[in-house]
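Asker: Listed below are the residues making up each chain.
There are 2 protein chains.
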Amino acid sequence: MIGAEPRVIVAIFGEKDAKLAQTAQDNGADLIELRLDLYPLLSVQTLVDTVHRVKEVCRLPLIGTIRLKAEGGGFQGDEGERRRMFLSVLPLIDAIDIELSAAGIISEVVSEAKAQGKTIIISHHNFYRTPPDTELETIANSAKQAGADIVKLAATANSLDDLSRLLLFSYTTPHKPISCISMGELGAPSRFIAPLFGSCLTYAHLSDSTAPGQFTLYELQERLKIVFPWSAP
Amino acid sequence: MIGAEPRVIVAIFGEKDAKLAQTAQDNGADLIELRLDLYPLLSVQTLVDTVHRVKEVCRLPLIGTIRLKAEGGGFQGDEGERRRMFLSVLPLIDAIDIELSAAGIISEVVSEAKAQGKTIIISHHNFYRTPPDTELETIANSAKQAGADIVKLAATANSLDDLSRLLLFSYTTPHKPISCISMGELGAPSRFIAPLFGSCLTYAHLSDSTAPGQFTLYELQERLKIVFPWSAP
Chain A
130 MIGAEPRVIV AIFGEKDAKL AQTAQDNGAD LIELRLDLYP LLSVQTLVDT VHRVKEVCRL
190 PLIGTIRLKA EGGGFQGDEG ERRRMFLSVL PLIDAIDIEL SAAGIISEVV SEAKAQGKTI
250 IISHHNFYRT PPDTELETIA NSAKQAGADI VKLAATANSL DDLSRLLLFS YTTPHKPISC
310 ISMGELGAPS RFIAPLFGSC LTYAHLSDST APGQFTLYEL QERLKIVFPW SAP
Chain B
130 MIGAEPRVIV AIFGEKDAKL AQTAQDNGAD LIELRLDLYP LLSVQTLVDT VHRVKEVCRL
190 PLIGTIRLKA EGGGFQGDEG ERRRMFLSVL PLIDAIDIEL SAAGIISEVV SEAKAQGKTI
250 IISHHNFYRT PPDTELETIA NSAKQAGADI VKLAATANSL DDLSRLLLFS YTTPHKPISC
310 ISMGELGAPS RFIAPLFGSC LTYAHLSDST APGQFTLYEL QERLKIVFPW SAP
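Top line first, the protein sequences correspond to chains A and B.
Residue 213 in my numbering sits at position 84 of the first sequence, with consecutive numbering throughout.
Residue 272 in my numbering sits at position 143 of the second sequence, with consecutive numbering throughout.
Same shape as in the complex, but just chain A (with noise of 0.2 Å):
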C-alpha cells in the first residue's frame, strides 16, 4: 500500500556520532544516514573507524553519503579521494547514496556497491528552484539507468505549487521507489506528506540539520502521526 510504511531517516555526523545514532534508534528512527562529508577530511582509517563506532551502538541500515558542496554537502577533496573512500566505507554499511552529477565515479561506485549487494540510492539536488516535470523525469530515468536502487530527488520550492507538483511527480512517476523532497519552507510539508504520494523515504535531524526545511526526529514523527494516524511512531 502506497506510503503505508514511511521510512524515517536521521542524517547524523560528527564527535557525537554514535550517540546519535543510539538516540535514534531507541526513538524510532528506521535508518541512519551517516553525512561522512561532515567531517572534517577523513583518512581511510578514521573514516572505517567512524562507521564502526556507530555500528557498535546502533543496529539500524547505515547509509554511507559522501556529498559534494554543489549539492549541499560539505566534501571539499577531489573525487579520486571520494571514490577512494565510497570503496573503503562499502563493506561497512547497508546502502550508499551517490549524486547523478558524480559522473567520473557513480560508475565505478555503483557496480563495486551492486556486486557487495548493497542498496544503492541515485541522488539530485536542486537547492534554487523545483525543475519542470519533463526535467524531473530525465534525472529520475537517469538515475535509474545510472543503476539507482532508490531514486531521490530534493528540489527547493518556491511556492505551494512547486510543492504540490513535487508530490504529484511522485505519484505519477513509473521510476519507482523514489523519494521525494521538497526543501525549503515551503516545501517542508512534504517531509510528512510525500509518503502519502508514495514518496519511501523522508528524512529528519537530531542536532544539526542537513538540508532547508528539515524537521528534528520528533517534529516528523509528530507529524507523520497525524498523517498516519494508524501506525505505529
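Just so you know, not all the hints are guaranteed correct.
Stated by the list, open to error - List of simulated lysine to any residue pairs, SDA-like, C-alpha gap at most 25 Å:
1. K145/B x K305/B
2. K198/A x D278/A
3. K247/A x V173/A
4. K354/A x D337/B
5. K354/B x N287/A
6. K305/B x D262/A
7. K354/A x G342/B
8. K305/A x A224/A
9. K243/B x A224/B
10. K354/B x D337/A
11. K354/B x R136/A
12. K354/A x E348/B
13. K354/B x F344/A
14. K305/B x S288/A
15. K354/A x E314/B
16. K273/B x P220/B
17. K305/B x F256/B
18. K247/A x A275/A
Keep in mind that the hints were calculated from the coordinates and are not lab data.
With chain A held as given, fit chain B onto it using these hints.
Answerer: Here is chain B on its own, set in the frame of chain A:
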C-alpha cells in the same frame, strides 16, 4: 497561489446553532454551513427564524444545506418540500449547497440562487468508495454544467491510494474552484492536505461531526497550521 488560503467551514445545526456559530466565528472559522436538514422538519417560518437567529450573532457568510439521506443528510421530506425550503431560505443566506443528484429541483433552485446573486455549491457524496478518475471527471463536469460556482466532491477512501488519487484529481481537474474531501479514517488527512492541491473548502465541526473523518475546528486548525505554518490560524 493554490491552497495559500484554505477556507474553513464549520457545519452547525440544532438547538445551540446560534451559540455554535458564534463560537466558530470567535475561533477563526471562515464560513458557516447551516445544516437545515438536521433539524426536525421545519416549517418555512421556523426555517427563516433559524437563519435569523444565527445571523444575529454571526457575521460569517452562511451556506444553506438541506442534505438528502442518500448523500449523508437527514432530510426526510419530499423534493417539493425541499425546493420550498431552499427558496424560502435563499434571500437570507450567501450560498447554497445542493446535490448534483437532486435532479427534480436543482435547475429551479440554482436558477433562483443565481438570480439572487448567491454562490452555488453543487456537491456529490459517495459513502462507499472513491469513484475512478473518469467518473470523478464526469461528476465535476456535470456539476459545472448544472451551474456550480464551486464543485464539491466527497468520497470515501478505502485505501491510501484513494486519498492520494482524490488529491491529485483536485489538483489536475479543470473544474476549479473545487472542494475535494476524502472521507473516512484513511481519507481524514485530506481535510488539511487537500488545500495544497487546490481544494478551496474544508469542513469542521464544533460538537457533532457531519461526515466520517471530519475533525473539530480546533483539531483542523492545528493540522492546517502544520501544513501552512506561515498562514495565520
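Asker: Would you mind marking each hint as holding or not holding in the structure?
Answerer: Evaluated hints:
1. K145/B x K305/B: violated (34 Å)
2. K198/A x D278/A: holds (24 Å)
3. K247/A x V173/A: holds (19 Å)
4. K354/A x D337/B: Satisfied, since the Cα-Cα distance of roughly 24 Å is no more than 25 Å.
5. K354/B x N287/A: holds (19 Å)
6. K305/B x D262/A: This hinted pair holds, its Cα atoms lying about 22 Å apart.
7. K354/A x G342/B: holds (15 Å)
8. K305/A x A224/A: Holds, at about 17 Å.
9. K243/B x A224/B: Status holds; Cα separation ~10 Å.
10. K354/B x D337/A: holds (24 Å)
11. K354/B x R136/A: holds (24 Å)
12. K354/A x E348/B: holds (13 Å)
13. K354/B x F344/A: holds (15 Å)
14. K305/B x S288/A: Distance ~19 Å between K305/B and S288/A Cα, so the pair holds.
15. K354/A x E314/B: holds (13 Å)
16. K273/B x P220/B: holds (23 Å)
17. K305/B x F256/B: holds (23 Å)
18. K247/A x A275/A: The hint holds at about 15 Å.
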